[in-house]
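For the protein sequence lines, the chains are A and B, in the order given. Residue 445 in the numbering used here is what sits at position 445 of the first sequence, and the numbering runs on without skipping anything. Throughout, the numbering used here is defined as the position within the second sequence, counted from one, plus 1000.
These are calculated hints, taken from the structure and not from any lab test. In this text, all values refer to a predicted model and were calculated from it rather than measured experimentally. Hints should not be assumed to be uniformly reliable.
With a cut-off of at most 25 Å between alpha-carbon atoms, the simulated SDA-like pairs for lysine to any residue come out as follows [stated by the list, open to error]:
hint, chain 1, residue 1, chain 2, residue 2
1, B, K1149, A, K421
2, B, K1035, A, K421
3, B, K1149, A, K45
4, A, K403, A, E72
5, B, K1149, A, G404
6, A, K421, A, V405
7, B, K1007, A, N351
8, B, K1115, A, H306
9, A, K367, A, R496
10, B, K1149, A, G176
11, B, K1115, A, G176
12, B, K1149, A, E211
13, B, K1170, B, L1006
14, B, K1115, B, E1129
15, A, K137, B, K1035
16, B, K1115, A, I177
17, B, K1035, B, N1142
18, A, K45, A, E115
19, A, K137, B, I1132
20, B, K1115, A, K45
21, A, K421, A, P151
22, B, K1149, A, R220
23, B, K1035, A, K45
24, B, K1035, B, L1165
25, A, K137, B, L1165
26, B, K1007, A, H126
27, B, K1010, A, E72
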Amino acid sequence: MTVLSEYLSALNAAGIETTETGSLTPASVWRIPAIAWERAAELAKIRGWRWSAGWGEDLGERLQINALLEREGRYLLLRAEVPAENPVLPSQALHYPAADRSERHTRDLLGIDFEGGDGRRWTRHHAWNETEHPLRKDFPVGGEPPETTPPDHDYPFVAAQGAGVYEIPVGPVHAGIIEPGHFRFQAVGETILNLEERLGYVHKGIEKIAEGRDAEGLARLAGRVSGDTTVGHAWAACLAMERACGVEAPERATFLRAILAERERIANHLGDLGAICNDVAFAFAHYQFGRLREDWLRTQRALFGHRLLMDRIVPGGVNVDLDKAATDRLDAELNRLGRELDTLIDICDRNTTLGDRLYTTGRLTVKTAAAFGCLGYVGRCAGQGFDARRDAPYPPYDQLTVKGVVEEAGDVASRFWVRYKEICVSLRLLRVLLGRLPESDIRTELPPPPAGAEGLGIVEGWRGEIVTYVRFGDDGRIDRFFPRDPSWLNWPALERIVLENIVPDFPVCNKSVNGSYSGVDL
Amino acid sequence: MLRQYLKMLKTGIKTEPVRKIVRDPDVERLGAEVKRRVDRDFAGSLAIREVDAGSCNGCELEIHALNNVYYDVERFGVHFVASPRHADVLLVTGPVSRNMEAALIRTYEATPDPKWVIACGDCAVCGGEFGISYVSCGAVENVIPVDVKIPGCPPSPAVLLAGILEALGKVRKKK
Ligand code: SF4
């Protein structure tokens, strides 16, 4: 019995009427009644399905809610509809804590009420009223904002109680060169009792301003969902659009995309390895890793025309190609980086003061990681090995072997080592990709999509699985765009990771997770 | 004590070997000019407070790069500080999201006079890919006064350095 049919019979046994409405590659699509929304989640949870993404859509008279689940590399999209007049359905967050913020985001932007869930607002601060919903089609892009938007206030944080417990509010403007967000700590002495995150400060209306764009424009916007994941998000968005239009990027283009994505992974991991060391005052490693990252970015500037690789992935393919001299240069760079890393990692490993600060700090348990469905290095440090490149492969990874990296320690040190191991895997993949680069075009034309055509793009970004949903409206213009950054599932884990740690270790715990603010605020 | 000194003398300087860095002549020239002006107008130390007011974080990555060993802006007297109270310059990125609007204004007010504001990146200069919407104010100058604009998406570290130099050019006038 496949995982799908097993779940289907469970739904049937529970009396939940399920209609299969075709598929949205790589997911099967099932429509269920809104009233069964929570029960379906409960049954999925028992069967080991992972909750991956959730979003809503305005279809006029009715609103559609989507929840994407995954098990053993099989994807299933659950759909329900509610009337736009009175959009209510039961929350899935009871069974999948990861669904919590997603549901609150959907409520703020579309006005869908999830009964039984956390009723507090999330993305909405004070730029629009409770009764207005920016993602409704009748809401104007410009909105009717106040003269000056007041700062967020009256947010019902969990309150501190008890003798000796005190509160530390931090942000939105932090002390370093970092994105804005607010953290509310409750501590006793140095020990953190509780942490609550309050994000949404960089919400810039990405989903709304995507509406009405053409394919090229959407790819550019997707490349700016999170600046450090420009390749990942642009790839996922282009894949979704290509599937909606029924075309495939040429083979060479898929190889080049993978080269860009692996390079992005390495660039970010190098930066993070250095930053983690820096947060525990091991400046030497910070500078060394920073140097390697800079070398890497300069090569990207020289060969691809952009240091961070923005706007290189375009609908239908890529807009950069590599000649023989370029692939030779890239190949040589791989060897150099490999050698440099060997020395550096050895120094880090033998540095006992570094070990003292990283081992056992900021532990994420396997249980918590599984409950939240943590992704990428955050999941992999605590037993969650899912890797879309290997478990739900898309071209060109369907022709390659991707070695899995999993640990169970779950501490900052583990997130450090997983990053290093992922670099090694990527170096190996890059060698294969460069060696096997097929001859073909690098771009194909997107045929005009029929109105209502939809597509799903799922790729493994450097932080983990990225899910992007796209639906076209009339004239090949975008009607709905929802990018789900892996940070959606990793941010909540940070609230657990820091518990029982001392306040001064928060920065290194935070850095080891390195969630994207822009990627979740949207 | 004597034994400790002996040990120190015998050990000498033990720094990890670093591969020689190839310095970019353009950056060196810009940096020297920055240093000259910082020495003249800021007693050798220019303090910058970076504010992300809604960026995609791409600009931040390149600002970080200014501190890596290649650029190492501290050697030109430029420091990134943790509080606006310590700052001479605000380096602002992103289209200003309305959820950050008040925080940006407060940060500006908390910065002592005389102060300079640099809008960093296309988003900060003109709203960039995000523009003005129900939740975005667009360019930084729609919210606080801006002295210097550095276009680019994101601007490279060398371009950032040139932007800082441009801001220093405006210092004399304002003072
Ligand atoms: S200018 Fe570009 S890199 Fe900078 S914040 Fe805007 S989109 Fe991101």
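Hint check results:
| no. | hint | result |
| --- | --- | --- |
| 1 | K1149(B) <-> K421(A) | violated (41 Å) |
| 2 | K1035(B) <-> K421(A) | violated (41 Å) |
| 3 | K1149(B) <-> K45(A) | violated (51 Å) |
| 4 | K403(A) <-> E72(A) | holds (16 Å) |
| 5 | K1149(B) <-> G404(A) | violated (45 Å) |
| 6 | K421(A) <-> V405(A) | holds (7 Å) |
| 7 | K1007(B) <-> N351(A) | holds (21 Å) |
| 8 | K1115(B) <-> H306(A) | violated (32 Å) |
| 9 | K367(A) <-> R496(A) | holds (11 Å) |
| 10 | K1149(B) <-> G176(A) | holds (22 Å) |
| 11 | K1115(B) <-> G176(A) | holds (19 Å) |
| 12 | K1149(B) <-> E211(A) | violated (29 Å) |
| 13 | K1170(B) <-> L1006(B) | violated (53 Å) |
| 14 | K1115(B) <-> E1129(B) | violated (28 Å) |
| 15 | K137(A) <-> K1035(B) | violated (53 Å) |
| 16 | K1115(B) <-> I177(A) | holds (19 Å) |
| 17 | K1035(B) <-> N1142(B) | violated (31 Å) |
| 18 | K45(A) <-> E115(A) | holds (19 Å) |
| 19 | K137(A) <-> I1132(B) | holds (18 Å) |
| 20 | K1115(B) <-> K45(A) | violated (55 Å) |
| 21 | K421(A) <-> P151(A) | violated (42 Å) |
| 22 | K1149(B) <-> R220(A) | holds (22 Å) |
| 23 | K1035(B) <-> K45(A) | violated (61 Å) |
| 24 | K1035(B) <-> L1165(B) | holds (9 Å) |
| 25 | K137(A) <-> L1165(B) | violated (46 Å) |
| 26 | K1007(B) <-> H126(A) | violated (63 Å) |
| 27 | K1010(B) <-> E72(A) | violated (61 Å) |
The structure fails hints 1, 2, 3, 5, 8, 12, 13, 14, 15, 17, 20, 21, 23, 25, 26, 27 (numbered hints given earlier, in ascending order).
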